[in-house]
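**Student:** Chain by chain, the residues run as shown.
Protein chains: 2
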Amino acid sequence: MEIEPIGVISSCYKEKFGIPRQPALVPLGKASLIMAEGYQQQEMLDGLAEFSHIWLIFGFHATLEQGWKASVRPPRLGGNKRVGVFASRSMYRPNGLGLSVCKLDSISTRGDKVALQLSGVDMLDATPVYDIKPYLPYADCLPGAVGGYADKKPAIQYEVIFSALAKQQCLEKQQELGVDVMALIQQILQQDPRPAFHAGRYQKREYGMRLYDMNVRWCYLLSGEEKIRENKELVKVISLC
Amino acid sequence: MEIEPIGVISSCYKEKFGIPRQPALVPLGKASLIMAEGYQQQEMLDGLAEFSHIWLIFGFHATLEQGWKASVRPPRLGGNKRVGVFASRSMYRPNGLGLSVCKLDSISTRGDKVALQLSGVDMLDATPVYDIKPYLPYADCLPGAVGGYADKKPAIQYEVIFSALAKQQCLEKQQELGVDVMALIQQILQQDPRPAFHAGRYQKREYGMRLYDMNVRWCYLLSGEEKIRENKELVKVISLC
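Protein sequences, first through last, are from chains A and D.
Taking our numbering as reference, the numbering of the first sequence is continuous, increasing by one, and the terminal residue is 252.
Taking our numbering as reference, the numbering of the second sequence is continuous, increasing by one, and the terminal residue is 252.
Quick caveat, the hints were computed from the structure, so don't treat them as lab data.
Some hints here could point you the wrong way.
Note that the list lumps identical chains together, so a pair holds whenever it fits in one copy or between two copies.
Claimed, not checked - Here are the simulated SDA-like cross-link-like pairs (lysine to any residue), alpha carbons at most 20 Å apart as the crow flies:
(1) 25 x 123
(2) 247 x 206
(3) 247 x 174
(4) 80 x 47
(5) 80 x 15
(6) 92 x 114
(7) 114 x 148
(8) 80 x 53
(9) 80 x 54
(10) 163 x 203
(11) 92 x 180
(12) 80 x 171
(13) 164 x 78
(14) 92 x 61
(15) 80 x 16
(16) 92 x 32
(17) 164 x 153
(18) 114 x 149
(19) 27 x 218
(20) 178 x 213
Turn these sequences into a full structure, and let the hints steer you where they fit.
**Tutor:** So this is what it looks like as structure tokens:
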């Protein structure tokens with residue numbers, strides 16, 4: 012079957028590294044879904060604004076060429092135990108389709124352009140979207156469901172601190188973007204975006220990710236370097252270049 | 012983008028009429044997902060059995076040719092108010108993709124054939140499936156979400172009764188299929204599968220639907236014909252041919 016994008020994502024996430032593993036983990040992650048030509052009629056979205064959340068079926072466009080694997084090592088299992096691709100939300104899957112629920116903040120029309128403003132997203136910039144469906148709590152929310160190896164929300168293991176420079180830069184960016192940049196970076200880094208095998212190693216290394224037009228730089232602190240609070244490991248944001 | 016089925020549904024629902032509007036409404040509705048050639052490796056499903064529920068992304072194959080409509084009249088709004096196609100779960104949608112959460116009862120292997128046994132389905136027989144994803148309660152279940160015009164589970168408005176003949180036939184079928192046929196029919200008919208504009212009209216008409224290898228026949232009773240209980244309308248199952 013041939014499917015074509017009904018819209019494209021303009022996301023705060025400009026590269027794969029740093030994107031939360033599930034959309035709910037970083038509520039401040041924002042994106043717009045810009046409806047494609049042929050899907051710009053306001054009529055197609057009538058009534059959608061009454062829903063707080065929507066499903067998006069999208070394509071894992073950045074990794075599609077790499078094909079799929081029969082089994083994957085989900086980060087939730089420490090990256091060293093395999094499960095079948097269909098028991099995971101991995102992007103390396105047959106047909107390369109992703110599914111995410113996002114918060115629908117608003118729908119805007121500017122000239123011919125119709126766009127949906129979303130938050131709590133986990134989609135890369137330029138992601139093609141194939142469908143929008145309203146989230147129906149009575150049908151889609153199953154509080155009694157059992158979620159195998161990923162039953163609970165991952166524990167927050169990191170405490171995020173900012174250098175004086177990073178703090179200053181966050182405040183400046185907040186003015187420019189109208190987004191609480193410091194809280195956003197905090198939400199992203201407390202999930203630890205690194206591959207599981209990096210944890211507890213590579214502390215000397217400086218990591219970076221592209222977020223909006225920033226290059227966020229951070230490192231992991233060894234205990235002793237700064238006071239470790241609440242039994243959490245420390246992540247220090249160095250700067251936003 | 013070109014997508015291909017990873018499996019096909021063998022469902023108790025043999026025709027569109029009678030299929031519940033959301034999968035959760037008829038928990039007894041059963042189907043198997045038979046994995047397609049090339050997707051028969053048990054490895055691809057490793058770990059999935061630990062999840063109670065799964066998402067299926069599938070194709071609305073029976074209505075695909077009819078194309079899509081910019082707006083639809085959802086049954087929840089009595090069939091006389093329009094909403095945008097993206098504010099609905101209508102099958103007449105761009106790209107013709109459906110999304111359902113089902114209960115995963117078991118995974119079986121017989122020779123080369125790998126199949127998933129599902130319940131609480133709303134898929135037509137022979138539906139092509141493009142993806143399986145585990146249901147992650149912490150990410151997918153949003154109890155606080157607001158569901159617009161379809162916020163609550165639809166109220167059950169009908170009381171289902173069986174003729175002596177239908178009762179007898181249900182018991183015989185139950186022996187053969189190992190399914191509580193009477194309860195299944197009850198769950199289907201108490202949702203009223205008729206188009207909204209039929210309600211309160213056409214009481215003299217006999218309706219039918221194909222379920223497994225049965226032809227279920229029923230009609231609607233006018234008050235006075237039989238004692239109406241609990242302020243519900245009465246549906247009488249006449250026979251299973």
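**Student:** Which numbered hints does this structure break?
**Tutor:** 1, 6, 11, 12, 13 and 20
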